[in-house]
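**Student:** The two chains are supplied separately, each in an independent frame; assemble them into the complex guided by the hints.
Heads up: the protein sequence lines correspond to chains E and R, in order.
With my numbering, letter number 59 in the first sequence gets 59, and the count goes up by one each step, no holes.
With my numbering, letter number 70 in the second sequence gets 70, and the count goes up by one each step, no holes.
Among the hints, erroneous ones may be present.
What the hints assert, rightly or not - Below, computed lysine to aspartate or glutamate pairings styled on EDC-like, alpha-carbon distance capped at 20 Å: (1) R:K19 to R:E100; (2) E:K69 to E:E15; (3) E:K49 to E:E64; (4) R:K36 to R:E24; (5) R:K41 to E:E88; (6) E:K68 to E:E15; (7) R:K41 to E:D85; (8) R:K71 to R:D18; (9) R:K36 to E:E64; (10) E:K58 to E:D85; (11) R:K44 to R:E58; (12) R:K36 to R:E58; (13) R:K67 to R:E24; (14) R:K40 to E:E64; (15) E:K58 to R:E100; (16) R:K40 to R:E100; (17) R:K44 to R:E82; (18) E:K49 to R:E100; (19) E:K49 to E:E15; (20) R:K40 to R:D85; (21) R:K44 to E:E88.
Just so you know, these hints were derived from the structure itself, not from any lab.
If you're wondering where the values come from, they're calculated on a predicted model, not measured in any experiment.
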Amino acid sequence: AQSVTQLGSHVSVSEGALVLLRCNYSSSVPPYLFWYVQYPNQGLQLLLKYTTGATLVKGINGFEAEFKKSETSFHLTKPSAHMSDAAEYFCAVSDPFQKLVFGTGTRLLVSP
Amino acid sequence: DTAVSQTPKYLVTQMGNDKSIKCEQNLGHDTMYWYKQDSKKFLKIMFSYNNKELIINETVPNRFSPKSPDKAHLNLHINSLELGDSAVYFCASSQVAQSEAFFGQGTRLTVV
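If we strip away everything but chain R, and leave its shape as in the complex, we get (with noise of 0.2 Å):
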């Protein structure tokens, strides 16, 4: 009965290729967002959406592109991926502007 369920947990994928990661939440949340955290922890919002609309896109290569089909769902799409793009990816989800954010369990994506 997950909050905030991502797939897949690890992804192993050459450069160049073209990966996806879902997310899910069953909260009745507004708002949804992608986390970046690097090796070294650090946390950056990459995306947020309201009610399926994209609200915050931070400084974001043109190659990552969310898609919202529904506020329940926010997925996140990578095009020609790159070694730099190896991270973790959070997606995290929110009542309300302000309030505390529920996070997945992460998505660590290699790239070789």
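One chain only, chain E, in its complex shape (with noise of 0.2 Å):
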């Protein structure tokens, strides 16, 4: 079955520094990852995803994602935090039954 593990339920990072959060996922077929953002009271927001093909994946808001086949990882991230980015971001793997399998969520704090 599928599974996605985010390490750190809380990441905090400095106004202008880079941002990491990682995500390793488990699939059982070739997998399509997700990254989502949650801003507080709102939906999730598609940032970015990996279906095929090239492995380094560009989103919106700057942020992008390298899908690592080797060490099951999908880790997000953006080289220079803005305050706007605080929020919760979720990874997902798609099984092939047509869900998404949601991690635990990390929630990204931003300090000026």
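**Tutor:** So, in structure tokens, the structure goes:
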């Protein structure tokens, strides 16, 4: 069965610092991987996705993620954090039965 | 011009009551979902419909009954509400299997 592990329930960075949110997955088939962001009292918004092809994927708001099959990882990065990046981030894997399996989420805190 | 819209956004009700949450998508997608987000932000799928047919029914109490009158609508009816049903319920849709899901803004259900 597919599963996702997000290391760190909270990550704190200073404004302008590198953002690194970790995601490891387990999948019995080639995975489709996603990162979503959730702002307070909002729904989930897709940041980026990996399906096939290029392993480095770029998303909205300057985020990118790299699919590493050998490490079963799909970490999310952003070179320079902005205050507006403070939110909850979810990594997800799509299973063959058309559902998304989410990680437990990582809250990103950005300090001035 | 919301893509996935849910109503109501907030729902406060007493134990034992029956309530419904409505969802509509104008994206032309074939697949719709209900996800539950608990107080720890954990997201878990409840149901999935493809072109009005139920394709995923996770281990959800029988008190929860989804209904899809057409492929643009997926409603969730909950009977005999319990305190433990308090959560945020998200409707989502996707075009094809394993593609990204688009989420509504969520319905925060509070059972008192």
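**Student:** Determine for every hint whether it applies to the structure shown.
**Tutor:** Evaluation of the provided hints:
Taking the CA atoms of K19 of chain R and E100 of chain R, the gap is about 29 Å. The hint is violated against a cut of 20 Å. At roughly 31 Å between alpha-carbon atoms, K69 of chain E and E15 of chain E are farther apart than 20 Å, so this suggested pair is violated. Taking the CA atoms of K49 of chain E and E64 of chain E, the gap is about 9 Å. The hint holds against a cut of 20 Å. Restraint check for K36 of chain R and E24 of chain R: the C-alpha separation of about 17 Å stays at or below 20 Å, so the hint holds.
Restraint check for K41 of chain R and E88 of chain E: the C-alpha separation of about 9 Å stays at or below 20 Å, so the hint holds. Restraint check for K68 of chain E and E15 of chain E: the C-alpha separation of about 28 Å exceeds 20 Å, so the hint is violated. A threshold of 20 Å between alpha carbons decides the hint, and for K41 of chain R with D85 of chain E the separation of about 18 Å falls inside it, so the pair holds. A threshold of 20 Å between alpha carbons decides the hint, and for K71 of chain R with D18 of chain R the separation of about 24 Å lies outside it, so the pair is violated.
Between K36 of chain R and E64 of chain E the CA atoms are separated by roughly 27 Å; this puts the pair beyond 20 Å, and the hint is violated. A threshold of 20 Å between alpha carbons decides the hint, and for K58 of chain E with D85 of chain E the separation of about 16 Å falls inside it, so the pair holds. At most 20 Å may separate the alpha-carbon atoms for a hinted pair to count; K44 of chain R and E58 of chain R meet this at roughly 9 Å. Between K36 of chain R and E58 of chain R the CA atoms are separated by roughly 11 Å; this keeps the pair inside 20 Å, and the hint holds.
For the proposed pair K67 of chain R and E24 of chain R, the alpha carbon gap of about 12 Å is at most 20 Å, so the pair holds. Proximity of K40 of chain R to E64 of chain E is assessed by CA-CA distance (about 26 Å); at most 20 Å being required, the pair is judged violated. Taking the CA atoms of K58 of chain E and E100 of chain R, the gap is near 15 Å; set against the 20 Å cutoff, the hint holds. With a C-alpha separation of about 23 Å, the suggested pairing of K40 of chain R with E100 of chain R is violated against the 20 Å cut-off.
For the suggested pair K44 of chain R and E82 of chain R, the alpha carbons sit about 18 Å apart, so the restraint of at most 20 Å is met. About 8 Å separates the Cα atoms of K49 of chain E and E100 of chain R, which keeps this hinted pair within 20 Å; it holds. Distance restraint check for K49 of chain E and E15 of chain E: the Cα-Cα separation of roughly 25 Å exceeds the 20 Å cut-off, and the hinted pair is therefore not satisfied. Restraint check: the Cα-Cα separation between K40 of chain R and D85 of chain R comes to about 14 Å, which is no more than 20 Å; the hinted pair holds.
Our distance criterion of 20 Å between C-alpha atoms is met by K44 of chain R and E88 of chain E, whose separation comes to about 16 Å.
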